[in-house]
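Residue numbers (the numbering used here), protein chains in the order written: chain A, 7 to 292; chain B, 7 to 292.
Errors might be hidden in some of the hints.
Put simply, identical chains are the same to the list, so a pair is met inside one copy or across any two.
DSBU-like cross-link-like pairs, simulated, lysine-lysine; straight-line CA separation at most 30 Å [stated by the list, open to error]: (1) K84 <-> K288; (2) K240 <-> K288; (3) K288 <-> K41; (4) K240 <-> K8; (5) K267 <-> K8; (6) K84 <-> K267; (7) K267 <-> K240; (8) K288 <-> K244.
No lab work stands behind these hints: they were computed from the structure. These figures come from a predicted structure and were not determined experimentally.
Protein chains: 2
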Amino acid sequence: MKIGFVGTGVMGRSMAGHLMDGGHELTVYNRTRSKAQELLDRGAGWADTPAGAARDADVVMTIVGFPADVEEVYFGEKGILPEAPDGCVLVDMTTSRPDLAVRIAEEAGTRGITTLDAPVSGGDVGAREARLSIMVGGPEATFVRIRPLFELMGRNIVHQGPAGSGQHTKMCNQIAIAAGMLGVCEAVSYARTAGLDPETVLESIGSGAAASWSLSNLAPRMIAGNFDPGFYVKHFIKDLSIALESAQAMGLRTPGLALAKQLYEELAAAGGEDNGTQALYKLYMT
Amino acid sequence: MKIGFVGTGVMGRSMAGHLMDGGHELTVYNRTRSKAQELLDRGAGWADTPAGAARDADVVMTIVGFPADVEEVYFGEKGILPEAPDGCVLVDMTTSRPDLAVRIAEEAGTRGITTLDAPVSGGDVGAREARLSIMVGGPEATFVRIRPLFELMGRNIVHQGPAGSGQHTKMCNQIAIAAGMLGVCEAVSYARTAGLDPETVLESIGSGAAASWSLSNLAPRMIAGNFDPGFYVKHFIKDLSIALESAQAMGLRTPGLALAKQLYEELAAAGGEDNGTQALYKLYMT
């Protein structure tokens with residue numbers, strides 16, 4: 007297929023590469039062209055605008071930074087929507103606002119174009135190893151049609167419902183992580199403050215009812231003082247902000263999420279925004 | 007060995023049974039005698055007081071309800087400490103206050119008696135199947151000596167440090183669970199409120215960075231409206247209260263724990279104290 011691919015950052019670059027490995031013809035656009043160079047060297051075409059990447063495409067995939075970037079890429083002067091050809095499918099894989107996903111679907115629908123929202127989890131390693139979890143919202147038939155492309159990039163690919171459902175599901179993922187991270191930070195800092203050896207504590211608590219991915223994977227980094235980004239604090243704050251706004255719009259009470267967002271903002275204000283999410287631990291040990 | 011065993015509730019009954027299976031001679035005491043009947047029928051001796059269970063014992067094990075019960079059982083008029091013979095080892099397996107464990111160790115020490123604090127996790131099922139995690143504080147040599155008894159009751163048996171360290175480790179376990187439960191409740195209630203199918207959402211988020219024991223084991227019960235106790239809300243509140251007091255005494259900030267305790271107290275006030283901990287979900291969906 008002819009695929010327009012917008013956004014060749016750390017995630018997008020790996021994902022686009024897997025599509026090329028699958029034999030698809032890519033035209034890429036990125037704000038900073040140098041980040042697309044590897045793909046261009048492998049034979050991808052270059053477009054100077056999102057619109058240019060969409061022209062003649064069977065499918066356009068986007069994975070950019072913030073919801074404002076998604077708006078610009080779809081609705082902007084040089085955006086995708088005015089140029090996307092009839093019958094093409096637009097797939098936004100950015101973690102973005104559920105209501106924006108619905109708005110893109112509605113706008114596109116007036117022109118007979120179908121869309122999917124398909125945010126991912128699994129991080130840069132998951133993207134590189136084509137092991138992403140992909141959470142998809144949009145029409146079932148469109149999902150079925152695009153699924154072979156998703157399978158080049160991920161393993162756990164689930165259709166969650168109509169437009170916006172992929173984004174909502176990603177929010178559930180981030181909400182579960184957010185409050186859970188407080189528990190992990192507080193357990194590790196309690197252990198250290200009580201004079202225990204935190205690694206020995208993990209031997210006791212790491213495999214029972216307290217077990218979690220964060221406890222197994224991030225607590226050891228906290229203990230070692232390794233705050234390098236797996237997932238950036240600044241990106242997590244973006245996600246938690248979207249989640250909290252979305253929850254509030256639905257009238258849902260989420261005090262754990264609200265507290266986590268507040269603490270992460272405190273961490274960012276103290277200079278931690280380019281750390282990994284496990285750096286929340288620093289807030290407890292100061 | 008001659009073992010005095012105090013506390014034959016749901017947990018203690020199974021644990022005492024495993025000690026008898028291991029060929030040890032038990033004398034049991036429980037406030038409500040009927041709860042010990044099964045053990046008496048199997049040949050355990052009966053004592054009318056904790057002191058009576060301690061007399062002539064090589065080892066005394068206790069697993070009762072609240073820290074106040076531990077105090078009564080050890081320091082009370084008919085308590086263990088005045089009666090425990092020289093050279094005997096006292097092991098409290100109740101989840102209790104770390105500072106109380108230290109106090110018991112100090113009092114016993116003046117009489118040449120050694121103690122361990124050895125709270126467990128794994129619940130009634132873990133107790134029944136001898137698969138408890140046992141977190142032990144006290145002298146290393148005493149731990150080594152008692153370890154064969156622990157091995158009859160559990161699998162993950164770790165010496166965590168001096169007196170109080172077992173209790174501190176259990177607090178780390180409960181702290182990690184507490185805030186994590188908020189994340190699970192909020193993720194599931196977000197999913198439902200957003201019109202998603204929560205079970206399908208779990209397919210997407212259950213095995214990645216949001217993965218946890220609570221998400222895998224308790225979220226399905228929340229979704230099914232099953233609030234039966236695995237672990238009672240009222241007991242969890244006890245643990246969170248101990249953890250919060252202990253954290254505060256150390257000058258440690260634990261906002262996630264404080265929030266969880268507050269929400270669980272709200273749930274108890276609304277009549278949920280005999281539910282399982284997953285019933286926190288009800289607070290979100292009302």
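Please name the hints from earlier in the document that this structure breaks, with their numbers sorted from lowest to highest. Result: hints 1, 3, 4, 5 and 6 break, sorted rising.
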